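Enquirer: Model the full assembly from the supplied sequences, consistent with the hints where possible.
Numbering (my numbering), first residue to last: 1 to 613.
Among the hints, erroneous ones may be present.
To be verified - Below, computed lysine-lysine pairings styled on BS3-like, alpha-carbon distance capped at 30 Å: (1) K15 <-> K195; (2) K540 <-> K244; (3) K244 <-> K19.
Hints are computed from structural coordinates only; laboratory data are not their basis. Bear in mind the structure is a predicted one, so any value in this text is a computation, not a measurement.
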Amino acid sequence: MGETVDSHGSEERPKWGNKVQYLLTCVGFAVGLGNVWRFPYLCQIYGGGAFLIPYLIALVFEGLPLLYLEMAIGQRLRMGSIGVWNSISPFLGGLGIASMVVSFLVGLFYNTILAWVLWYFFHSFQEPLPWTQCPLVDNFTAYNQECVKSTPVNYFWYRQTLNITPDIEISGSLQWWMVLCLGTAWCVVYICFIKGIETIGKAVYVTSTFPYLVLTIFLIQSLTLPGATNGLIYLFTPEWSMLKNPQVWLDAATQIFFSLSLAFAGHIAFSSYNPEKNNCERDAVLVGLINSATSIYASIPIFSILGFKATSNYNSCRMSNILALSNHFEIGDKNITLDNYDQWFESLTSTHTYEIAMLNLRACHLQTFLDQSASGTGLAFIVFTEAVIEMPGSQVWAVLFFVMLFSLGLSSMFGTIEAILSPLRDLHLVPKWIPNQLVTAGVCLISFLLALVFTLGSGNYWLEVFNSYVGSVPLLIIAFFELIGVIYVHGMQNFSDDILVMTGKRPNIFWRICWRFISPLFLLVVLLAYVVVQAQKHPKYVAWNPDYARFPETETKDYPDWVFGIIVFLSVLPVISIPLVAIYRLIRCGLDGRSSERSGVNPYINSAYETDI
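Expert: Here's what the structure looks like:
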């Protein structure tokens with residue numbers, strides 16, 4: 001690993017072994033679990049191919065400009081987020097702290113998801129897979145009734161994995177198996193970070209490339225499954241009327257924003273290890289396009305598998321009706337088949353309407369089964385695991401799938417942890433005599449201890465709270481002030497000069513218009529729309545309650561007032577440093593200004609940035 005002198009000229013700063021390591025790390029940080037979970041789900045509920053229109057617009061006018069800005073400012077100043085924003089203006093110092101706090105909070109629950117992945121991975125070697133059948137109880141004489149009512153897949157997820165409580169106010173106990181998996185996940189992160197970017201640079205060769213190998217294998221296999229074309233038609237058939245729904249545009253904007261991991265400061269930290277003469281514009285466009293292409297690429301095998309699952313459920317539904325019809329009318333199940341079921345059903349309905357109604361046949365519609373998908377964790381741990389059961393060699397596919405998820409999550413954790421460690425060094429909160437390995441170990445240990453709350457029986461509910469509210473409004477606010485800080489405080493002309501030094505050319509008119517007008521306005525509209533939408537309804541959560549009257553349906557409940565208070569706290573905590581630091585610096589400048597009037601020193605000049613840039 002090479003070394004270079006940082007912007008202060010006093011400390012040597014590491015650098016990437018080569019350009020490939022840097023790009024793979026940025027791609028791994030941007031491409032994460034959301035590309036496999038949330039993007040396909042949004043495509044499904046918002047009209048398939050029609051969702052791609054607002055998604056691509058958001059990529060061009062919001063995602064790429066912000067990604068370019070973060071990479072450029074990190075590379076030019078060669079510091080983490082704390083140093084970057086303090087250098088641009090002392091009043092913006094809170095931005096670096098905000099990014100560090102939000103990265104820390106996101107890392108807590110994100111690595112818990114990796115613990116769940118490890119749990120499923122360890123069980124994927126069993127024959128048969130443990131989520132294929134219900135466990136026996138009462139001296140092996142009967143099946144567990146909660147499992148019978150809810151299906152083995154749901155039971156394994158909610159009961160044997162999470163051991164979930166029926167309410168967020170019922171904490172439950174620590175689940176020892178999840179504690180072990182969580183500890184293992186944090187140990188893996190620490191091992192990959194033990195020597196900073198030197199070990200990260202080597203790890204990303206595996207973590208950033210292996211998911212594409214697995215996705216390609218799944219793509220080939222999934223396209224051969226019966227019913228795969230139904231899923232692809234469902235994905236790529238646009239519902240143009242959906243574009244009239246403002247929620248589609250809101251979700252598209254937030255998806256591209258979170259998918260690129262903007263405002264976490266990870267990209268700033270990673271680019272600070274680049275040589276000064278590096279084409280950061282090309283890097284930003286390349287990483288952004290790879291990220292979006294991966295989302296679309298991952299959706300093809302995912303929807304092929306969902307189409308296969310929906311077709312299987314559709315055929316099973318019709319087979320149960322065939323048995324009921326053949327037994328009642330003594331037709332014989334060889335005469336009624338899946339191919340002629342519709343004709344028989346229409347004929348019998350017209351001639352025996354009352355008898356057909358009395359049989360209480362199931363309503364079998366392929367579209368209904370295609371609509372029965374899940375987002376987030378549900379896609380990986382419920383929908384996909386159920387589909388794997390029916391695939392030949394199910395153990396192999398399960399192992400590959402969860403190794404892929406772990407690789408995606410681990411590469412994203414690299415950027416999250418670096419966004420914590422780099423500001424800690426900039427703040428000089430850790431004495432220089434303490435080695436980086438020990439600092440990293442301390443961060444991982446503290447994170448592990450705090451994340452134990454997610455291993456409680458109510459842990460999944462708290463993870464959803466963190467996922468929904470830590471990684472939403474705070475990131476939008478941070479990104480908005482990043483644009484204001486660079487373009488309007490540091491100045492567009494100065495920033496253009498910085499890019500000229502690094503790339504040999506000034507940013508073109510597209511980038512300048514986006515930075516100055518389009519991107520800030522885009523972020524402001526999305527932020528205000530998000531706040532308005534959230535203010536119109538009391539926050540709710542979905543509970544798994546076996547005593548619920550309509551079980552196995554999930555029960556929707558309102559968050560208690562004290563939980564709502566925590567939600568507000570989590571939304572404010574990451575960004576409170578922005579105004580607090582600005583007010584503190586303003587007061588300091590006022591006090592220093594009085595004493596400097598006699599000496600003629602201007603306290604508002606940022607000497608560090610003036611010297612370095």
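Enquirer: Compare the distance between the alpha carbons of K15 and K195 with 30 Å, and conclude whether the hinted pair is satisfied.
Expert: The hint holds at about 12 Å.
Enquirer: Would you mind confirming whether the straight-line C-alpha gap from K540 to K244 stays at or under 30 Å?
Expert: 26 Å, holds
Enquirer: Are K244 and K19 close enough, with their CA atoms no more than 30 Å apart?
Expert: Violated - the C-alpha atoms of K19 and K244 are around 43 Å apart, more than 30 Å.
In this structure, the one hint that does not hold is number 3.
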